[in-house]
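Student: The listed protein sequences derive, respectively, from chains A and B. Residue numbering for the first sequence is 1 to 314, as defined by the UniProt record's numbering. Residue numbering for the second sequence is 1 to 314, as defined by the UniProt record's numbering.
Don't read these hints as lab results, they were simulated from the structure. One or more hints might be untrue.
Copies of the same chain look alike in the list, so a pair counts if it fits in one copy or across any two.
As a list, the in silico DSSO-like pairs of lysine-lysine whose alpha-carbon atoms are at most 30 Å apart [stated by the list, open to error]:
#1 Lys215 <-> Lys149
#2 Lys95 <-> Lys171
#3 Lys310 <-> Lys87
#4 Lys164 <-> Lys149
Below are the chains, spelled out letter by letter.
Number of protein chains: 2
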Amino acid sequence: MRLATLNTVTPDGQLIVVSPDGTHYAKAPIATLQGALEDWDAAEPQLRAITEFPEALNLADLLAPLPRAWQWLDGSVYPSHGALMDKALGIEPFKPDWPPMYQGVSDTFYAPLADVPMVDEELFIDFEGEFGIITDAVRAGTPAAEAGKHIRLLVQINDWSLRKLAGPEMKSGFGWIQAKPPCGMAPFAITPDELGEAWDEHQIAANLRVEWNGKPFGNAFGKAMSHGFDQLVAHAARTRNLVAGTVIGSGTVSNETYREVGSSCIAERRGIEVVDTGSPITQFMKYGDTVRMEAHLPDGRAPFGALEQKVVKA
Amino acid sequence: MRLATLNTVTPDGQLIVVSPDGTHYAKAPIATLQGALEDWDAAEPQLRAITEFPEALNLADLLAPLPRAWQWLDGSVYPSHGALMDKALGIEPFKPDWPPMYQGVSDTFYAPLADVPMVDEELFIDFEGEFGIITDAVRAGTPAAEAGKHIRLLVQINDWSLRKLAGPEMKSGFGWIQAKPPCGMAPFAITPDELGEAWDEHQIAANLRVEWNGKPFGNAFGKAMSHGFDQLVAHAARTRNLVAGTVIGSGTVSNETYREVGSSCIAERRGIEVVDTGSPITQFMKYGDTVRMEAHLPDGRAPFGALEQKVVKA
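This is chain A alone, in the form it adopts within the complex (with noise of 0.2 Å):
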């Protein structure tokens, strides 16, 4: 099932059901997916009964399926970004066996199609392509047997970031505030059977196909994390509940072949540049770049549907 969220006059939008084929949605008996998912196993059968889609769908018209949330918790759990952020930002490798998160904006999460405004230019502006989940209520102490059950959706996220600040704050110890804008959510997010056998061990087995000003960037495959979704989930959920609608992301989506597949965000590239010649080359974005990321399942099809926004001037 592929779930969205039309722009209407209220800030949480109005839920809608997507047709398998992403051209057609029907409007969901509740009105926004935040609502669902505080009760969703009354909700799930609901929205699963929908099995005609008499719109057409636009996706401009769309905001990010859940266009704000209580909670967003990004974890960073590909090895490879891990350790190139480390030597490009000069940080000192801290290797623990638990997953790094951090928590971060979570009041605004961008339409697919919406232009991202940046206060400044030269603050390293960059994207960074991950995957994500999002949970109903998880009490505090769940394990990672259990969280699993917890996760409800899938959806696919561009963590906007302002590489200029990020290794300072890092350095405090305090996490991300400056350098972590608001992110984008592509337009659909999917029960985890959708993905079948590529849901796997609670990671998407999907390639992230990234573009940058229309040009290939990366192309990094998902089943690659250090730990699962139900891990990262067990983990938020140590010590406070989670509530509904809490979203945790992937970190950047990386693999050790980087060098063939690409990468998912400027900062691993340059990264890339630095082990191998010394120092980064290639440059972050401008005003009026753009930005296009869709997964891609071993059979092609793009359950997420694409994720693509230009930066402009706040």
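Please build the complex by placing chain B on the supplied structure of chain A, with the hints as guidance.
Tutor: Showing chain B alone in chain A's frame:
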């Protein structure tokens, strides 16, 4: 003006205006504090117009004045606290010219008299007495000179902390997830004019009286911040819009004279013990322990009321 929120069946409760002596209230014509903050210029005169308080106030009927928020950002701008915590956690000091700040869980602020569930007594349960502010909407890039105008309400906060997890999470550079369960909030959110001259350079010139299991523990003075709340708002808003209802905290209230005035958290006292004797003496909280926090003005008033919580097993 003092505002509070009655516990009702809805998660955001019912906004009330509290009498100047704190004993009675009137229901507000706006349902929730979040709603009021989203159009504060319209809401404030309606709330101030209330001068009759027909209902007797029972503090046990209150939620936190803002029971949940889209964003909670906590600074750490009492220099004497930061220096001691670096020592106690074994963190290499990093002293930026900007205020350290992390984003914490905001989907829950505990009621002023709520029991606080913790999953594990062995995680070094600690309180942190703080002041905080609540903003209306702030545009990204708003300078400090303008940011102060967006401070609509002042609050008093207990930032619950699990110290055993705090050091490792801080070393990851990603900030705190597991080490920071939800905060508690004192009964009343107040407009800055309630403080009179004690709202001084965007700081709160009041003593934060902290009692642990009924015994005096600290009485630090609020106006000792390295950055005023106006600067904290500007820092938080440098690259991203702040949604109405953003809560920003000061970090643990602390004075250079901590040996005389005491501390607002156990970790700080332990830090002093480490400095003085080479090892910490005071133990952390146990199930059944209580902590009471009440800020006092020079004239004896307690404008936020008392935050009084008991730790219980989750």
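Student: Run every hint past the structure and note whether it holds.
Tutor: Do the hints match the structure? See the list:
In this homomeric assembly, Lys215 and Lys149 never come within 30 Å of each other (Cα to Cα): the closest approach is 38 Å inside a single copy and 45 Å across copies. Taking identical chains as interchangeable, the C-alpha atoms of Lys95 and Lys171 lie at most 30 Å apart whether they share a chain (15 Å) or sit on different chains (10 Å). In this assembly of identical chains, the alpha carbons of Lys310 and Lys87 lie at most 30 Å apart only when taken from the same copy (28 Å versus 45 Å across copies). In this assembly of identical chains, the alpha carbons of Lys164 and Lys149 lie at most 30 Å apart only when taken from different copies (29 Å versus 38 Å within one copy).
Taken one by one, the earlier hints fail for this structure only at number 1.
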